[in-house]
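Enquirer: One letter stands for each residue in the lines below.
There are 2 protein chains.
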Amino acid sequence: MKPISRVGFIGLGAMGGPMAGHLQAKGLLAVVGNRTPEKAVALAETLGVAAAKAPSDFSGCDAVVLCVSMDADVLQCCRDLAGVLAPGALVIDHSTVARETALTAAALLAEAGIAFLDAPVSGGVEGARNGKLSVMVGGDAEVLASAQELLSAYALRVTLMGPTGAGQATKAVNQVLVAGIAQAVCEGLAFGEALGLKPESLVPTLAAGAAGNWFLDKRGATMMADQFTPGFKSALLLKDLRIVQAMADALGRHYSVVEQSLVDYAKLVDAGYGEEDTSALIRLKRAN
Amino acid sequence: MKPISRVGFIGLGAMGGPMAGHLQAKGLLAVVGNRTPEKAVALAETLGVAAAKAPSDFSGCDAVVLCVSMDADVLQCCRDLAGVLAPGALVIDHSTVARETALTAAALLAEAGIAFLDAPVSGGVEGARNGKLSVMVGGDAEVLASAQELLSAYALRVTLMGPTGAGQATKAVNQVLVAGIAQAVCEGLAFGEALGLKPESLVPTLAAGAAGNWFLDKRGATMMADQFTPGFKSALLLKDLRIVQAMADALGRHYSVVEQSLVDYAKLVDAGYGEEDTSALIRLKRAN
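So the sequences go chain by chain: G and U. Quick note: the first sequence uses my numbering, first residue 1, plus one each step. Quick note: the second sequence uses my numbering, first residue 1, plus one each step.
Do not take every clue at face value.
You can't tell identical chains apart in this list, so a pair holds if it fits in one copy or across any two.
To be verified - Straight line, CA to CA, 20 Å or less: simulated SDA-like cross-link-like pairs of lysine to any residue:
1. Lys198 / Ala141
2. Lys26 / Ala145
3. Lys132 / Asp217
4. Lys26 / Thr46
5. Lys267 / Arg253
6. Lys267 / Ser256
7. Lys218 / Ala207
8. Lys198 / Gly162
Keep in mind that the hints were calculated from the coordinates and are not lab data.
Generate coordinates for the entire structure from the input sequences, incorporating the hints supplied.
Expert: See below:
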């Protein structure tokens with residue numbers, strides 16, 4: 001693998017925006033793109049890099065990083081990039097998508113001699129902003145080695161989980177924990193409210209014991225104050241849970257946390273709260 | 001309140017044993033008691049304090065600390081102590097019991113001029129051993145002030161949550177989180193196993209992101225290695241969940257995490273795993 005010095009970044013949302021910023025701070029970022037081009041133009045200006053108007057604007061990149069939401073977008077980006085990147089280049093996908101999408105993306109890029117890593121992340125917008133994400137990688141060890149310096153721009157931990165698709169499999173597991181912990185914390189705090197306990201005492205007391213967790217630390221106080229600015233949008237967790245459910249179905253397994261969370265987040269999205277943080281689940285718990 | 005210099009301790013289990021040790025290290029412990037008297041005799045010898053053979057052996061104590069399992073045991077201890085402690089003494093109950101049990105205990109002790117704090121704890125056997133428990137207190141602020149030095153022997157954090165019973169109400173909320181996080185982590189790790197992911201990569205990767213939590217840190221690796229030494233016994237979590245369910249019923253609420261966890265832990269206990277750690281829930285998740 002050749003050393004990576006010119007990186008393109010596609011998908012400048014709540015996660016991608018700050019991640020691109022960290023790459024720029026390391027002197028690695030060359031060009032940024034986004035489905036809504038205005039966002040790319042604005043960030044490109046701020047960071048002093050180029051804004052992509054067409055796939056060909058990524059042609060000089062050694063690596064292109066994707067951070068988008070939907071499986072179809074990942075595949076479209078990979079098809080576009082397969083036509084413009086030089087053989088030996090690398091595409092890293094930080095999106096959360098199906099394992100099959102990772103396998104398809106890797107295969108179509110391989111035809112053009114381009115390497116691929118599925119590398120979904122966890123750590124929330126806080127992790128993206130402070131450069132402390134956990135990156136779960138599927139792919140080849142040598143390819144990952146060539147990308148370590150790039151990833152270190154925004155990763156606390158990078159773990160090679162197995163061959164292509166293993167990153168997405170790991171992220172699916174991660175989302176079971178994320179959904180289940182949201183269930184636990186939102187239900188517990190709604191119960192605490194119903195019992196008349198004070199949020200300002202309750203949250204730190206719970207956090208100091210065996211119930212301590214990231215979500216309580218980061219979202220406990222805000223959800224009890226009815227603040228649901230994402231964070232991580234409920235509609236995106238619902239999308240991820242559908243990926244998880246398909247994987248569970250393929251294994252012939254029934255997982256109660258996944259099934260309950262699918263019902264609840266679908267209800268939340270249907271009620272118009274899909275753009276709110278996943279902690280908005282407390283709305284349902286309060287009404288039960 | 002008079003200063004506390006002679007403390008009695010009743011209930012020398014996985015939590016109480018190390019907590020009594022911390023009191024001894026502070027020079028506060030005078031006498032220990034236990035339902036199985038041999039345990040008290042053995043620990044008394046180790047710590048160089050007296051072993052109680054009868055309630056009257058606690059008569060010279062300024063404070064007696066309870067760390068037992070069942071509501072009936074808390075009430076029996078309080079009835080016994082009401083007959084032997086001097087007016088102005090204090091009883092602190094670290095057991096997890098119903099809020100009504102705390103109110104009854106406080107009332108019967110008050111008749112003898114004895115103060116009471118309901119003060120359940122969280123932080124697991126690790127927290128008891130390293131003296132870093134979160135203590136959730138119900139009772140009078142002045143009474144708590146008199147007990148702060150005693151509690152600091154094994155507490156990371158002491159929080160006055162409200163009047164008598166508020167400590168137990170808070171612990172009930174804590175157990176909703178504890179049960180729900182066990183659901184999330186056990187289901188996620190069973191799913192990870194089914195997907196063929198390696199435990200030694202999976203656990204630290206999940207722990208480094210938004211799915212991070214106490215239970216994953218402390219029990220993730222052991223449960224994937226089929227080690228279920230408590231920790232916190234499944235039968236005791238089931239007992240606690242029944243307290244929670246009664247409180248939810250009284251509020252007219254339905255809580256899905258609580259209801260699913262009651263079903264699952266009853267199944268686990270019925271199958272003979274009640275003495276195992278709560279992480280043994282992964283047995284059910286693997287079989288689903």
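Enquirer: Among the hints numbered above, which are violated by the structure, and what are their numbers in rising order?
Expert: none
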